[in-house]
Every structure is written in structure tokens, then in C-alpha cells.
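Using the sequences plus the hints, can you model the full thing?
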Amino acid sequence: MTFDFTVVTANAHLLWQGFLITLYYTVITIAAGLLIGLVIGLILLSPFRPLVWLGRVYVEFFRNIPLLVIVLWTYYALPIFSGVNITKGWAGFLALSFYVGSFYAEILRAGVQSIDPGQTDASTALGMSYGQRMRRIILPQAFRRMVPPLAGQSIIQMKNTTLLSMITVPDLLYQGSYISCFTYRPIEIYTAIGLIFVIILVESRNGHGTRKGNTQAPRHLPALRQGRGAAWRRSFRRPG
Numbered sequence: 005m006t007f008d009f010t011v012v013t014a015n016a017h018l019l020w021q022g023f024l025i026t027l028y029y030t031v032i033t034i035a036a037g038l039l040i041g042l043v044i045g046l047i048l049l050s051p052f053r054p055l056v057w058l059g060r061v062y063v064e065f066f067r068n069i070p071l072l073v074i075v076l077w078t079y080y081a082l083p084i085f086s087g088v089n090i091t092k093g094w095a096g097f098l099a100l101s102f103y104v105g106s107f108y109a110e111i112l113r114a115g116v117q118s119i120d121p122g123q124t125d126a127s128t129a130l131g132m133s134y135g136q137r138m139r140r141i142i143l144p145q146a147f148r149r150m151v152p153p154l155a156g157q158s159i160i161q162m163k164n165t166t167l168l169s170m171i172t173v174p175d176l177l178y179q180g181s182y183i184s185c186f187t188y189r190p191i192e193i194y195t196a197i198g199l200i201f202v203i204i205l206v207e208s209r210n211g212h213g214t215r216k217g218n219t220q221a222p223r224h225l226p227a228l229r230q231g232r233g234a235a236w237r238r239s240f241r242r243p244g
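Mapping of the sequence shown onto the numbering used here: residues 5 to 244, in sequence order.
Keep in mind that the hints were calculated from the coordinates and are not lab data.
Computed from a prediction, not measured in an experiment: that's the story for all the values here.
For glycine and all other residues, C-beta sits at the position ideal for the given N, C-alpha and C.
One should not assume that every hint holds.
Claimed, not checked - Cross-link-like lysine to any residue pairs, in silico, SDA-like; alpha carbons within 20 Å at most:
no., residue 1, residue 2
1, K163, V73
2, K163, L46
3, K163, W94
4, K163, L76
5, K163, V202
What the hints assert, rightly or not - Here are the simulated distance ranges between beta carbons:
no., residue 1, residue 2, range
6, G198, T10, 34 to 44 Å
7, L24, T195, 17 to 27 Å
8, S50, A16, 46 to 56 Å
9, G87, A14, 40 to 50 Å
10, A155, L72, 42 to 52 Å
11, L55, A14, 49 to 59 Å
12, V202, G131, 25 to 35 Å
13, A35, N89, 19 to 29 Å
14, T91, P70, 18 to 28 Å
15, D8, A155, 32 to 42 Å
Now the structure itself:
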């Protein structure tokens with residue numbers, strides 16, 4: 005048996021359509037997942053213990069169930085329990101978004117908690133509110149640490165979209181399976197699909213790789229350290 009890649013070029017328009025669907029679901033589920041992850045991440049950082057417990061249940065639930073099970077359950081079972089007809093597009097969107105949101109939430113929580121607690125104490129001593137501390141001191145540093153794992157998880161998310169072919173969403177893998185059925189050339193088609201993912205994802209990794217460059221703290225920190233020292237000196241000063 006010999007390779008005949010003319011079958012790939014002859015059906016390139018179908019593969020292109022599938023690639024656009026894959027790219028579409030990658031973008032919208034990453035965007036929705038980031039929003040979900042931000043909300044759940046802030047819940048995990050909340051001082052209110054019942055909220056933290058609920059956030060932890062969400063994260064552990066979605067992280068420990070295979071994504072294929074979530075996709076199939078959302079498509080077949082959720083309409084039965086909810087009484088709402090859910091299309092295959094919405095089922096895929098919901099499953100992928102809530103799944104990746106659990107990973108984004110853990111990345112955000114870990115990024116914020118990796119910041120030196122002394123900076124929180126110092127900003128509190130300066131009279132900053134919780135929102136000011138997060139916006140001016142904690143998050144600017146945490147986001148720089150979160151970029152590599154967020155990029156890595158987003159790359160994984162693109163590969164996860166191939167599972168949507170199981171519910172007949174016409175993504176790249178589904179189109180490849182369709183072409184293979186009438187050309188009887190699965191090796192060439194799946195090889196081409198694999199090469200497409202390799203080219204896209206390797207390029208993405210090169211563009212979002214960890215940079216060992218600028219690790220300076222935000223411009224607020226010198227003033228913060230100076231202010232922290234002043235606050236501590238005032239606390240030891242004798243009254244009157």
C-alpha cells in the first residue's frame with residue numbers, strides 16, 4: 005500500500021471547513037472558560053469558607069471526570085434532566101467551557117497565592133482595600149506568573165475540541181472521518197490532520213513560551229516597601 009496524498013488536496017476544502025470549526029470552538033470556549041475560571045478562582049480565594057467549598061467541589065468535579073464523558077453527558081443526558089432541547093453546538097460549547105474553566109480557576113488561585121503574603125500585609129497597613137490590593141499589587145505580578153500555564157492549557161484546549169466529533173460537530177476530525185468513509189484513505193487523511201495540529205500547536209508553543217526576561221516588580225512595589233516601613237515605624241512610635 006502506498007501513500008496517495010492527492011486525496012488530501014482533492015478534499016482540502018472540507019478539511020479547511022473543519023479547521024475553521026475547530027478554531028471557532030477553541031476561541032469561544034477559551035474565552036468562556038477564562039471568565040468561568042476568573043469567577044471560580046476568586047471564589048476559591050474568598051475568606052468565606054462555604055463559598056470556597058463550593059468552588060472546590062466544582063473544580064474537583066470537572067477535573068476528575070474524563071472530558072469525553074462530560075461531552076456525551078451534556079449532549080444526551082442534560083436535555084433529559086433539564087427539559088431543554090440542547091443542540092450539538094451548545095452541548096459542545098458548554099462541556100468544553102466548564103471543563104477548561106476548572107483548570108483556569110486553579111491556575112488563577114495558584115498564581116495569586118504564589119505572591120509573597122508580606123505584600124498583602126504591607127498594602128493593608130497602607131490602608132488599601134481588598135480591590136485596590138488585588139488590582140494594584142497582587143494581580144499584576146500574578147498574571148505574569150499565570151501566562152505560561154494559561155497558554156499551555158489553551159493549547160490543550162484546541163486538542164480537546166476533537167472530541168466534539170463524537171457528537172457530530174463538523175470539526176477537523178469529523179471532516180477527516182467523513183472523507184475517509186468515501187475515499188477509503190484513512191491513513192493519508194489522519195496523517196494530514198495530525199500534521200495540521202503539529203504545525204499549529206508547535207507554532208503556538210513557540211509564541212507563548214516562557215520568557216526569562218523582565219521579572220521586575222510593578223512600579224508600586226518600591227513605594228509599597230517604603231510605605232510598609234513607614235507604617236511599621238509609626239506603629240512603634242510613642243503617642244503624644
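Now for the hints, and whether the structure bears them out:
1. Between K163 and V73 the alpha-carbon distance is near 16 Å, which keeps this suggested pair within the 20 Å criterion.
2. Distance restraint check for K163 and L46: the Cα-Cα separation of roughly 27 Å exceeds the 20 Å cut-off, and the hinted pair is therefore not satisfied.
3. As the CA atoms of K163 and W94 are separated by approximately 18 Å, the hinted pair is consistent with the 20 Å bound.
4. Under the criterion of a C-alpha separation no larger than 20 Å, the hint pairing K163 with L76 is consistent with the structure, at around 17 Å.
5. Between K163 and V202 the CA atoms are separated by roughly 10 Å; this keeps the pair inside 20 Å, and the hint holds.
6. For G198 and T10, the Cβ-Cβ distance of about 18 Å falls outside the hinted range of 34 to 44 Å, so the restraint is violated.
7. Here the CB-CB span from L24 to T195 is close to 20 Å, well matched to the stated 17 to 27 Å.
8. S50 and A16 have their C-beta atoms about 51 Å apart, which keeps the hinted 46 to 56 Å range intact.
9. Our hint of 40 to 50 Å for G87 and A14 holds, since their Cβ atoms are close to 45 Å apart.
10. Checking the proposed 42 to 52 Å range against A155 and L72 shows it is violated: the Cβ atoms sit about 24 Å from each other.
11. As the Cβ distance of L55 to A14 is approximately 56 Å, the hint placing it in 49 to 59 Å holds.
12. The beta-carbon spacing between V202 and G131, approximately 53 Å, falls outside the hinted interval of 25 to 35 Å.
13. Checked against the hint of 19 to 29 Å, the pair A35 and N89 passes, with Cβ atoms roughly 25 Å apart.
14. Separation of T91 from P70 is about 22 Å and conforms to the stated range, judged on CB atoms against 18 to 28 Å.
15. The given range of 32 to 42 Å is respected by D8 and A155, whose C-beta atoms sit roughly 37 Å from each other.
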